[in-house]
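Asker: Sequence:
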Amino acid sequence: MLLKRVLIANRGEIAVRLIKACQKLDVTAIAIYTEEDAGSLHIRVADEAYALSGDRAAGYLDVDQIIEICRRRNIQAVFPGYGFLSENATFAEALTQSSILFIGPAAKTLEEFGLKHRARELAINAAVPVVPGSEMIKTIEDAEESARSLGFPVMVKATAGGGGIGLQVCHHPDELKAAFDMVKSRGNALFKNDGMFIEKFVESGRHAETQIFGNGQGDIVFLGERECSIQRRHQKIIEECPSPFVVQNPELRQKLKEASVMLASAVKYQSVGTVEFLVDDSTGAFYFLEMNTRLQVEHGITELCYDVDLCEMMLLQAEEQLNGRGGLSKTQMQSFQRSAPNGHAIEVRVYAENPAKDFSPSPGLFQHVAFPENEKVRVDTWIQTGTTVSPSFDPLLAKVMAHADTRSDAIAAMGQTLDTTILQGPATNMDFCRQVLVSSRFLAGLTTTNMLSKHFRYQPSAMEFIEPGAYTTVQDYPGRENFPNGVPMSGPMDALSFQVANILVGNPRGTEGFEITLRGPKIKFYASAVIAICGGDFSVTVNNEPVACWSRIIAKENDVLEIGEAATGARGYLAIRGGLPHVARYLESKSTTPSLSWGGFQGRIMRAGDFLFLGSSAAQSTTTTRPYSLPKDMVPLMEENPRIYALPGPWFDQGYITENGQQSLMGGSQYKVSFNSSRVGIRLDGPPPSWSRKDGGEGGSHPSNMVGYGCTVGGVSFTGDSGIILPADAPNQTGFITTHTVARADLWRVAQLKPGAAFHFQSITFEQAMMLEDRTNAYLELVTHCVQESALNCQTIDRRLDWVVQSVPTGEGILYQHNACGEDQLAMTIRQSGDRAVLCVLGNGVFDMAVRARLQQLSNVIQQHTPPGLRKFSVAENASILVYFDPHKISQAKVVNWILELEKDLPPLSVSKQACRIIHLPAVFDGRECQLSIERYMNLQRSKAAYLPDNIDFIRRSNGLKDITEVKNCFFETPMLVNAVGWMMGLPIYIQIDPRRRLNVPKYNPSRTFTAAGSLGIGGNTCSIYPSDSPGGYVLWGATLPGCCWDIYGQKPGFSPERPWLFNSFDQIIFHEVSREEFDESVRLFKAGLYEIRIEVGDFDMAAYHELAESTKEKVRQLREIQDSCTQAEIRREAELYKEWLEEKRVTEEKERQTKEERQRRVNGAKGLIPVLCNMIAAITKIEVTPDQIVEEGAILVKIEAMKMETSVSVPEPPKNGTKSQKFRVHEIMRQTGDRVEVGDTLVLLEKIV
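Take the sequence shown: its position 52, counted from the start at 1, is 52 in the UniProt record's numbering, and no numbers get skipped.
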């Protein structure tokens, strides 16, 4: 073919369709895209793709920019599809003037048929019947006269545009003025043409259209008709070929053919076209509506019934035009002609829109997409798992087509197709279309244009969040257990309450539901549902009537459930019978991990307007279900100042903490939950341990610093001197000490601690932890029995749930220990790490390549030949390996014995080779990503430190390097060995293979709350890539591709849905320095899925490494002496600066205390003023009012944040009693943005206006 390079001037499913058509004929297809489409499918399936400037649709409409791309890329022709510039005569003419072919009708044809009044004239001239109507009208008086003449109802139609845009139906004269103004305004705004006319509106009609194809020489191929009567807002959603009405009235097809061919022949039509007609359902009379001078959205069903490829025909026509032959020959045209349709085809347009809310757009993330594949089904789509649908474009997601011998078979095939299609994400119209297909009128073929408005009622089984609550997420139990490479467990923080809620509604205990924190949502149910709320003592109403927690509740259609604030406890759980079937699984769980934007609904907390479909069986089951309340004696007690049960270890021994420190941690000290807590970390206010060492050695300068290792959920860690409990969404590795681990069975009580809640830790044994689990399981079995039997007099456990554990000696958590014995037997310590893992430490606890290789051998054996009761994936890093086990299948003692046996049977390291890959990544040195993180840290956390403001110079000084070039040489063009993969989202921890290039750098204290994605850092002697915007304590030196560690849905090159991570342990990384411009271009390509990360296959040879280590031993010794000396100097400097900072912080806090006391004195002395109090420990994020401002009841005064959730403090609202709303004047604002506030603090003083 002469036609070699075609630009696809479109996006979405039609762009994908056109690209495939080009590739079928070996024509290179070039895609274009705007920023919002950077990850779209059409970019990846195209042969080439080029970015457009301009927001939203602007780029796709930029004629000059598209033509410039065509010139630069040697484009011969442009394939526009439909929408955008597909019917733009100016664009077609501009292409012609640039010697580029427009694949479609001639520019003059586009111009004439683009104006509806002109199209009517052409139809009349060709003797084609038209709908009775007016000439062009200019005034409302013209409109009124024409409407009277035609008789109501009428349509006011813009002469420009299409797809129902600029069309208003008027049934009565008093509607005409508003319609006239609307059409005039929209015509001007959208099409720069406010011309309009009036047509008679046929209420009971059919929308039929014919498919034609012309060669520009007067020859026309007729390819039957389609019926498109099922429409919403004058836009089609279901189409059929052939028309069921025409099938019943076969003589009509010939009449439609004659009219269509006459019209097309009269203008020597070129390429595809669709002639639209209105058919009177009662008389069979038909009227011309308009000519669509482009490929039609629904062209696929004609292709199925007439065995043609319309896109291919358009390309063949373009080929003939390029060859100077004007178009396809008469013989070629005849080869496409068909006498009649073969079978019946139906198309459903699947839109991202919500039929339950007047078809409002519903953009968002599709977390699982799967269309069935069989010979009766064709799906044209652009979405796949992981596609985010933008609000900036048409909401069409897919065209689902079913083809069969008969209409009834096609309907059945379509129904089965929709039933088996999976679109888990925002609301779509698929359920709506499914209900239309099985409606009696559709089955009977009575598909008139008014069917949906007059003869159909949609009944969704769904729920809508009117208000989302403070922090509401989807969770299931147990979440994601034992996934490799930095996958948090997630799941409910309080698994006990979660399971009871599911038992109450009749679900399996682990079924997904909602976790609610501090304040709950307001939800409308569109169908009946069986629900339950358990957990903290939340106020709950249905239609403003109070209902009880720990009860089974029957919500009816249109009921509104409102969950208020928790009087006690912090978290509640809403279970719904049948769960949430339209929420996708990610890594085998529906749990949300909001910090990583995956799982649950949209990978985030719930928002106002979120709409979730429920299972159709959920509503049906309510008819045989009765309410039920759990007996009060069975509701778990949430006591004040509880003792939280924890197992000592892994680092509880006196090598790290003094004996007094041990006693203080386990019972001697009180801790409080900080307002700055979340599902990622429950931060504690309380004393640090009494350390028995002065620093963290290779781990860092602070005694809390550790060489990185694996940790478990429930671990109590200290970052610097600040404590934190690692909950459901916490990382599975850390570089800070973990002294003890909360028993898995007691995590539910931790979850119910509010900010400010006080508690103590109590040390327990592994056996006691198992006893608590046994009690929990017995309790859940009893609840199940009571609920199933609806027995109000069930035997209850003493005081709800026996949770008293006696204090007994528990030791330090060291399960096994032996010293080194010869070269092949390393020292080993096995440490307790909660009740589901043990931490095996080899050697002296610091990084040693031989030790790390040994651990990798052990990890590989466990993964490849998993012993019974052990989990498949362990966490090997530096000098330790965390081995997970199921305590209900294997005892802790047997796990220890297994490890000893496995380690004994490993092959000698001297002959060890580890298969690996060498991964090459671009990077910038000291990039703006680093500076952004440093600036935020200095502004919001700590203003002075040894590592501030210049991280690079701190690295240089800490290691005695001469200049920046020496710093660079330690990071660029040098192989790094991936020591571990995990923490969060496949984050790699790596170290320079050449010991001469290794550095030692103290970490931040405290760690940053924000680090930009893609940042490169070093802490101690290990380095890392930050996979997402996240907290962190490593010192920053550069940036690489943000997101390269983990591609959530595995769509980019080098990833897959089964393996969304990039790195494996013992891979090698080499960073290559690039310019800022090169880096930004690489980032753009990576986001678009067009960047190929260079990966080579290799191995890591321990013998070769040993030889390198031996040959450089003396040089490395000298370097370490310099590093140690310089690092100690920086540590001393840091200690002084830290002391200064603490003193400044103390002075600031003292001023705040004095200010607070002064405020309180003013509050106490303020007669007649109303104080608005804070109801939780939090930080003020925004003041919404100003002094002297007038506010009403319910108005928001202040926004506060606690536990990573923003909530509002409003003017108090008294109970509704029919009186008018009270007004107030803001007398004084007592606090500032950024202030930390306690429960009972006065935020605002109000004065009642009488």
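In case anyone wonders, no lab produced these hints; they're calculated from the structure.
These numbers come from a predicted model, not from an experiment.
Any given hint might turn out to be false.
What the hints assert, rightly or not - Straight-line alpha carbon distances no greater than 27 angstroms define the calculated DSSO-like cross-link-like pairs of lysine-lysine that follow:
#1 K968 x K944
#2 K1151 x K944
#3 K694 x K20
#4 K108 x K357
#5 K1167 x K1248
#6 K200 x K257
#7 K1087 x K20
#8 K1199 x K524
#9 K556 x K357
#10 K138 x K177
#11 K1223 x K1248
#12 K257 x K177
#13 K200 x K177
#14 K1156 x K1139
#15 K1167 x K1087
#16 K1115 x K1156
#17 K1113 x K968
#18 K1182 x K1151
#19 K200 x K255
#20 K913 x K872
#21 K672 x K1156
#22 K1167 x K1199
#23 K268 x K257
#24 K255 x K268
#25 K1113 x K962
#26 K1113 x K522
#27 K1199 x K672
Asker: A separate judgement is required for each hint: does it hold in the structure or not?
Answerer: Here is what the structure says about each hint:
1. K968 x K944: 25 angstroms, holds
2. K1151 x K944: 20 angstroms, holds
3. K694 x K20: 66 angstroms, violated
4. K108 x K357: Outside the cut-off at roughly 41 angstroms; violated.
5. K1167 x K1248: Since the Cα atoms of K1167 and K1248 sit roughly 12 angstroms apart, the hinted pair holds (cutoff 27 angstroms).
6. K200 x K257: 24 angstroms, holds
7. K1087 x K20: The given pair, whose Cα atoms are some 23 angstroms apart, holds under the 27 angstroms limit.
8. K1199 x K524: Distance ~25 angstroms between K1199 and K524 Cα, so the pair holds.
9. K556 x K357: Within the cut-off at roughly 19 angstroms; holds.
10. K138 x K177: 13 angstroms, holds
11. K1223 x K1248: Within the cut-off at roughly 6 angstroms; holds.
12. K257 x K177: Roughly 38 angstroms between the alpha carbons, so the hint for K257 and K177 is violated.
13. K200 x K177: Holds, at roughly 17 angstroms.
14. K1156 x K1139: The given pair, whose Cα atoms are some 25 angstroms apart, holds under the 27 angstroms limit.
15. K1167 x K1087: Status violated; Cα separation ~61 angstroms.
16. K1115 x K1156: 59 angstroms, violated
17. K1113 x K968: 23 angstroms, holds
18. K1182 x K1151: Distance ~21 angstroms between K1182 and K1151 Cα, so the pair holds.
19. K200 x K255: 22 angstroms, holds
20. K913 x K872: 22 angstroms, holds
21. K672 x K1156: 21 angstroms, holds
22. K1167 x K1199: Since the Cα atoms of K1167 and K1199 sit roughly 26 angstroms apart, the hinted pair holds (cutoff 27 angstroms).
23. K268 x K257: 16 angstroms, holds
24. K255 x K268: 20 angstroms, holds
25. K1113 x K962: 22 angstroms, holds
26. K1113 x K522: 67 angstroms, violated
27. K1199 x K672: 23 angstroms, holds
The structure does not agree with the numbered hints 3, 4, 12, 15, 16 and 26 stated previously, though it agrees with the rest.
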